[in-house]
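Chains as they are written, first to last, in numbering that gives the first Met the number 0: chain A, 0 to 76; chain C, 0 to 76; chain S, 0 to 149; chain V, 0 to 149.
If you are wondering where the hints come from, they were derived from the structure by calculation, not from laboratory data.
Fair warning: there could be bad hints in the mix.
As the list claims (entries may be wrong) - A few chain C residues that don't get close to chain S, going by computed Cβ distances all over 12 Å:
no., residue
1, Leu-21
2, Asp-26
3, Leu-41
4, Ala-42
5, Thr-54
6, Thr-56
7, Ala-57
8, Lys-62
9, Leu-69
10, Gly-76
What the hints assert, rightly or not - Stretch-level coverage of chain V by chain A, calculated; a stretch enters the list once three of its residues show a Cβ under 8 Å from a Cβ in chain A:
no., segment
11, 6-12
12, 87-100
13, 123-130
14, 134-144
Glycine included, each C-beta is placed from N, C-alpha and C at the ideal position.
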Amino acid sequence: MPIRIMIFGQLTDILNSHELTLTDIADTDALVSELNKRYPSLAGARYMMAVNKQTVTANTILKEDSVVALLPPFSGG
Amino acid sequence: MPIRIMIFGQLTDILNSHELTLTDIADTDALVSELNKRYPSLAGARYMMAVNKQTVTANTILKEDSVVALLPPFSGG
Amino acid sequence: MKERKPKNIFVQGPVATSFIAESIQKHSTQTSIGGHSIFLGQVRADLINDKKVAAIEYTTYEEMALEKMHAIREDIFSKYELTCMHVYHSLGKVVAGEISLFVFTSSPHRKAAIHACEETVERLKAELPVWGKELFDDESYQWKENSQTL
Amino acid sequence: MKERKPKNIFVQGPVATSFIAESIQKHSTQTSIGGHSIFLGQVRADLINDKKVAAIEYTTYEEMALEKMHAIREDIFSKYELTCMHVYHSLGKVVAGEISLFVFTSSPHRKAAIHACEETVERLKAELPVWGKELFDDESYQWKENSQTL
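Can you build the whole structure from these sequences, using the hints too?
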């Protein structure tokens, strides 16, 4: 089950990418663990997570077509 | 001693003029009495008085070159 | 830098949108500015006793208004961190839909610009000796009164 | 009248002052409007560790930003008596001194226009997934962070 992960702002410097696809990720907690393993400096970064454009704070189940976004602090305007 | 009186806004309709000169007026109280005598409908009108561009509330002595202004409620903007 | 001599705020007739654009454009060289706040007063075609306001004709006690505006400006500059402030008010006839007031404040930070603009608008509405005569389309008129609450 | 479908707010590059003037001009036919409030965000040439910000490059998560903006718009319209609201935000590079944000609210009454504009600016700064990358004149960069307090 592929999960699409969109990356924004300063996090693109850490992940060196604007988008990733990961498989076999059951929920957002599992996603965070996997990302921190692959990109250790991500663990110290401030960001929120959105699943299908809704920000999530509690652990959230990911489904086949879930789109996850990693959102560092906003700085528009 | 001539006193120059400037008239603005809706008061120009009551006094039918933008400017008056009155003589032998000692202070603003005396001016109000004189104006009310000449223009009875002025007594019911809302306005402030300014002497030399400063609004006055207490009775104020008028001097040779005093300029009095009758200021109805402001409606700029 | 902050030259704050009494200056004229009155313009004859409506404030043109091209003038507003030029005023904004001039600030592009002031690169310490982070936010501009602008208020525009537009003449409303109010319906009063079945008669429609076609225009407002503004008059002022100019010498007193400019002194008052200077005092307001000084107060606002001492209260807020402003880079600059510009105020323009129409005199004479301004047709419904046209702009009669243009207040423009700029600051490094948005909150200062926004609050300074709002306070300037409120104060000048309350304190400047300016009168608006609402001209109806049948050539009659009535004298406008500003609300303090809306 | 008040059509409030999700609409695009993003423009490529800076917001032109001529565009601002045209937006204002279009409202002259809306003669129930008494006041317009406008906020403009301008890119500051901040000095950070002796390096000067030459430009900001904006990116967004567009689908999410437009949904958020739609929700903000709905909230503001239900809270204030507004005739209309327009919001434009730059994407891509905006040079210091240029405009990157244009928020424009109009109402029969000035207070509604002013407060709706301020609240919209605060909310979009806090809630829209938009990121600014401050580009220095030596081609290095840093990611901008919005202050909630200034």
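Each hint, compared with the structure:
no. : hint    : in the structure
1   : Leu-21  : holds (18 Å)
2   : Asp-26  : holds (20 Å)
3   : Leu-41  : holds (15 Å)
4   : Ala-42  : holds (18 Å)
5   : Thr-54  : violated (9 Å)
6   : Thr-56  : holds (15 Å)
7   : Ala-57  : holds (19 Å)
8   : Lys-62  : holds (18 Å)
9   : Leu-69  : violated (10 Å)
10  : Gly-76  : violated (5 Å)
11  : 6-12    : violated (count 0)
12  : 87-100  : holds (count 3)
13  : 123-130 : holds (count 8)
14  : 134-144 : holds (count 3)
Checked against the numbered hints listed earlier, the structure breaks hints 5, 9, 10 and 11; every other hint is satisfied.
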